[in-house]
Amino acid sequence: MRLFDDQDTLDKELARVKSEVGQRLGMISADIPLISNLDVWRNIALIYEYHRDIPENKAEVFVIECMRRYGLQNIAYKKNIFLSEEERFCVMLLRAVMLSDAVIVIDRPFKIMPYLKDTSFIFEAIGKVDDLFTLCYIFDYTRYKNRYGND
Amino acid sequence: MLSTAEYVGKTTLNASKSLQDTFILAFNILSNFFDKKAYNSASKMVLINQIYFTAIQILPLFLSVSAIMGFSLTGIFLHTLKELGLAEYLGRIIMGFVVTELAPFITVLLLALRSSSAMNAEIATMKVNKELHTLEAFNIDVISYLVLPRALAGVISVVLLSGIFSIVVLATGFASSKLIFGMSLDAYANLLLNSAKLSDIIILIVKCSTFGFFITLIPIRSGLNASDEITSIPVAVLNGMVKVFIAIVVIEVLTLIARSI
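First to last, the sequence lines map onto chains D and B. For the first sequence, this note's numbering assigns the number 1 to the initial residue and increments by one for each residue that follows. For the second sequence, this note's numbering assigns the number 1 to the initial residue and increments by one for each residue that follows.
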């Protein structure tokens, strides 16, 4: 977890991490939305299919299996607009971990889920897919320090 | 006077820039066309979906339009030819005008109205919603994932649907010729085969492919040029569709010139 005073410093650090890890970077950010005309599972599978050239039927089975970790298999065939903020966050997280040796960066999670009081949901969600990524950063503003508690 | 000259100059510069950008995008697509890496699993699925949306979903409407137009047009042509005593030109008119000119033109008009406008709005919406940023963030090449499969689907769809239109017109043409001239199937088939020229077929395929390529490329480029504001979506669609119409006219004129040489 890294906290920054302002957006400029945060953006600079984000750019540094980006240049360091290159194509392994899986971003979870409100500025990197789900694609609205794709079903939820296709949003996740797109990364898996594109970068690993996996056939769609195999990708679908794998993605649905991953969604089962969050009990979200029932929303797999829905579109982004029908998701709750928490569901959207989990889908973005799954999308990010589809990269090989993924280094995931959760950019200002409270921008995705503004009503969240603390980070317990975030860390629980990360824990459920911790076998699918190598490193995880959370970037946020110092003003949200109290929401992070002692984590 | 000066403001008029300024306006003309500005319009010409904008049009030249737009044309240049279109050709640059076309070159990028064509260079990806021969790159095996561009045909990954995700892009192949986009291609299949686009062929379904462009060529399959439209089939009931398309078959009805081609049957109605084929029957009425060939009926009018045949009746006029009979009245003018020009029955010997029947095959040439059906093959030279209806199949090589009318079929691609009607096909491209229907597809432009239905699919080009949809693609234009889709890409512009993606731009406004920052979804193109998503592709960039995950290192997904916009050309190979978004543009190439759509352009390829456009080419395949226009070629196939023009072929279907031609077959339907020829079939309805037989019905008309039987009614008006009492022509047998053998005589009708012979007439058409004698009038068919290889050069016409080649020009037809090239023309359909060019139509298909540009009626997808232009709206996509227009969508990509939308700004981040939601109000830019209708503007992008409007601009794109006007350019598509101009492109259709230009390609039509160029192929007419090519055929006359």
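Hints listed in this document are in silico derivations from the structure and should not be mistaken for laboratory results. What you are looking at is a predicted structure, and each value in this text was computed from that prediction instead of being measured. Every residue, glycine too, gets a C-beta built ideally from N, C-alpha and C. Check before you lean on any hint, since a few could be wrong.
[Said to hold, decoys possible] Residues from chain B that keep clear of chain D, each with C-beta distances beyond 12 Å, as calculated:
id: 1; residue: A5
id: 2; residue: Y7
id: 3; residue: A42
id: 4; residue: I58
id: 5; residue: V65
id: 6; residue: M69
id: 7; residue: R114
id: 8; residue: M126
id: 9; residue: L132
id: 10; residue: A137
id: 11; residue: L160
id: 12; residue: I201
[Claimed, not checked] Here are the simulated EDC-like cross-link-like pairs (lysine to aspartate or glutamate), alpha carbons at most 20 Å apart as the crow flies:
id: 13; chain 1: D; residue 1: K18; chain 2: B; residue 2: E122
id: 14; chain 1: B; residue 1: K130; chain 2: D; residue 2: D31
id: 15; chain 1: B; residue 1: K37; chain 2: D; residue 2: D53
id: 16; chain 1: B; residue 1: K44; chain 2: D; residue 2: E86
id: 17; chain 1: B; residue 1: K37; chain 2: D; residue 2: D118
id: 18; chain 1: B; residue 1: K36; chain 2: D; residue 2: D53
id: 19; chain 1: B; residue 1: K130; chain 2: D; residue 2: D107
id: 20; chain 1: D; residue 1: K78; chain 2: D; residue 2: E65
id: 21; chain 1: D; residue 1: K12; chain 2: D; residue 2: D31
id: 22; chain 1: B; residue 1: K130; chain 2: D; residue 2: E65
id: 23; chain 1: D; residue 1: K12; chain 2: B; residue 2: E136
id: 24; chain 1: D; residue 1: K18; chain 2: B; residue 2: D141
id: 25; chain 1: B; residue 1: K36; chain 2: D; residue 2: E56
id: 26; chain 1: D; residue 1: K145; chain 2: D; residue 2: D131
id: 27; chain 1: D; residue 1: K78; chain 2: D; residue 2: D53
id: 28; chain 1: D; residue 1: K78; chain 2: B; residue 2: E122
id: 29; chain 1: D; residue 1: K18; chain 2: D; residue 2: D118
id: 30; chain 1: D; residue 1: K79; chain 2: D; residue 2: D101
id: 31; chain 1: D; residue 1: K79; chain 2: B; residue 2: E122
id: 32; chain 1: D; residue 1: K145; chain 2: D; residue 2: D5
id: 33; chain 1: D; residue 1: K145; chain 2: D; residue 2: D101
id: 34; chain 1: B; residue 1: K44; chain 2: D; residue 2: D107
id: 35; chain 1: B; residue 1: K127; chain 2: D; residue 2: D39
id: 36; chain 1: B; residue 1: K127; chain 2: D; residue 2: D31
id: 37; chain 1: B; residue 1: K44; chain 2: D; residue 2: E60
id: 38; chain 1: D; residue 1: K145; chain 2: D; residue 2: E87
id: 39; chain 1: D; residue 1: K111; chain 2: D; residue 2: E124
id: 40; chain 1: B; residue 1: K130; chain 2: D; residue 2: E60
A quick look at each hint next to the structure:
1. With a cut of 12 Å on Cβ distances, A5(B) stays outside the contact zone with chain D, its closest approach being about 44 Å.
2. Distance check on Y7(B): its Cβ is at least 39 Å (rounded) from any Cβ of chain D, clearing the 12 Å threshold; non-interface status holds.
3. A beta-carbon of chain D is positioned within 12 Å of the beta-carbon of A42(B); the least distance is around 4 Å.
4. Every C-beta of chain D lies more than 12 Å from that of I58(B), the closest at about 19 Å, which supports listing it as non-interface.
5. Remark: the non-interface label on V65(B) is consistent with the geometry, its nearest Cβ contact in chain D lying 27 Å away (cut-off 12 Å).
6. Every CB of chain D lies more than 12 Å from the CB of M69(B), the least distance being 33 Å, so the non-interface label holds.
7. Distance check on R114(B): its Cβ is at least 17 Å (rounded) from any Cβ of chain D, clearing the 12 Å threshold; non-interface status holds.
8. Its beta-carbon lying about 7 Å from the closest one in chain D, M126(B) breaks the requirement of being farther than 12 Å from that chain.
9. For L132(B), the non-interface assignment is contradicted: its Cβ lies about 9 Å from the closest Cβ of chain D, within the 12 Å cut-off.
10. Interface exclusion of A137(B) from chain D breaks down, the closest Cβ pair being 5 Å apart, not more than 12 Å.
11. For L160(B), the condition that its CB be more than 12 Å from all CB atoms of chain D holds, with the nearest at approximately 23 Å.
12. Even its closest Cβ contact with chain D, about 36 Å, leaves I201(B) beyond 12 Å, as expected for a residue assigned away from the interface.
13. Restraint check for K18(D) and E122(B): the C-alpha separation of about 29 Å exceeds 20 Å, so the hint is violated.
14. Only pairs whose Cα atoms come within 20 Å are accepted, and K130(B) paired with D31(D) is accepted, the gap being roughly 7 Å.
15. Using a Cα cut-off of 20 Å, the hinted pair K37(B) and D53(D) holds, with the two alpha carbons roughly 9 Å apart.
16. Among the hinted pairs, K44(B) with E86(D) is inconsistent with the structure: their alpha-carbon atoms are about 32 Å apart, more than 20 Å.
17. Proposed proximity of K37(B) and D118(D) is contradicted: the alpha carbons are some 44 Å apart, above 20 Å.
18. Of the pairs offered as hints, the one joining K36(B) and D53(D) holds, with about 12 Å between alpha carbons and a cut-off of 20 Å not exceeded.
19. Distance check on the hinted pair: K130(B) and D107(D) sit about 16 Å apart at the alpha-carbon level, within 20 Å; holds.
20. Among the hinted pairs, K78(D) with E65(D) is consistent with the structure: their alpha-carbon atoms are about 16 Å apart, no more than 20 Å.
21. Our distance criterion of 20 Å between C-alpha atoms is met by K12(D) and D31(D), whose separation comes to about 16 Å.
22. Proposed proximity of K130(B) and E65(D) is contradicted: the alpha carbons are some 28 Å apart, above 20 Å.
23. Distance check on the hinted pair: K12(D) and E136(B) sit about 18 Å apart at the alpha-carbon level, within 20 Å; holds.
24. As the CA atoms of K18(D) and D141(B) are separated by approximately 17 Å, the hinted pair is consistent with the 20 Å bound.
25. Between K36(B) and E56(D) the alpha-carbon distance is near 18 Å, which keeps this suggested pair within the 20 Å criterion.
26. Taking the CA atoms of K145(D) and D131(D), the gap is about 27 Å. The hint is violated against a cut of 20 Å.
27. The straight-line distance between the Cα atoms of K78(D) and D53(D) is roughly 24 Å, outside the 20 Å bound, and the hint therefore fails.
28. About 18 Å separates the Cα atoms of K78(D) and E122(B), which keeps this hinted pair within 20 Å; it holds.
29. Taken as a hint, the K18(D) and D118(D) pair is broken in the structure, with Cα atoms around 27 Å apart against an allowance of 20 Å.
30. A distance of roughly 27 Å separates the Cα atoms of K79(D) and D101(D); the hinted pair therefore is violated under the 20 Å criterion.
31. This hinted pair checks out: K79(D) and E122(B) have alpha carbons roughly 15 Å apart, not beyond 20 Å.
32. Straight-line distance between C-alpha atoms of K145(D) and D5(D) comes to about 11 Å, which keeps the hinted pair within the 20 Å bound.
33. About 29 Å separates the Cα atoms of K145(D) and D101(D), which puts this hinted pair outside 20 Å; it is violated.
34. Taken as a hint, the K44(B) and D107(D) pair is broken in the structure, with Cα atoms around 32 Å apart against an allowance of 20 Å.
35. Restraint check for K127(B) and D39(D): the C-alpha separation of about 18 Å stays at or below 20 Å, so the hint holds.
36. Taking the CA atoms of K127(B) and D31(D), the gap is about 12 Å. The hint holds against a cut of 20 Å.
37. About 15 Å separates the Cα atoms of K44(B) and E60(D), which keeps this hinted pair within 20 Å; it holds.
38. Between K145(D) and E87(D), the direct Cα distance comes to roughly 24 Å. Violation of the 20 Å bound is thereby established for this hinted pair.
39. A distance of roughly 18 Å separates the Cα atoms of K111(D) and E124(D); the hinted pair therefore holds under the 20 Å criterion.
40. In summary, the hint linking K130(B) to E60(D) is not supported, as the alpha carbons are separated by about 25 Å, beyond the 20 Å threshold.
The structure does not agree with the numbered hints 3, 8, 9, 10, 13, 16, 17, 22, 26, 27, 29, 30, 33, 34, 38, 40 stated previously, though it agrees with the rest.
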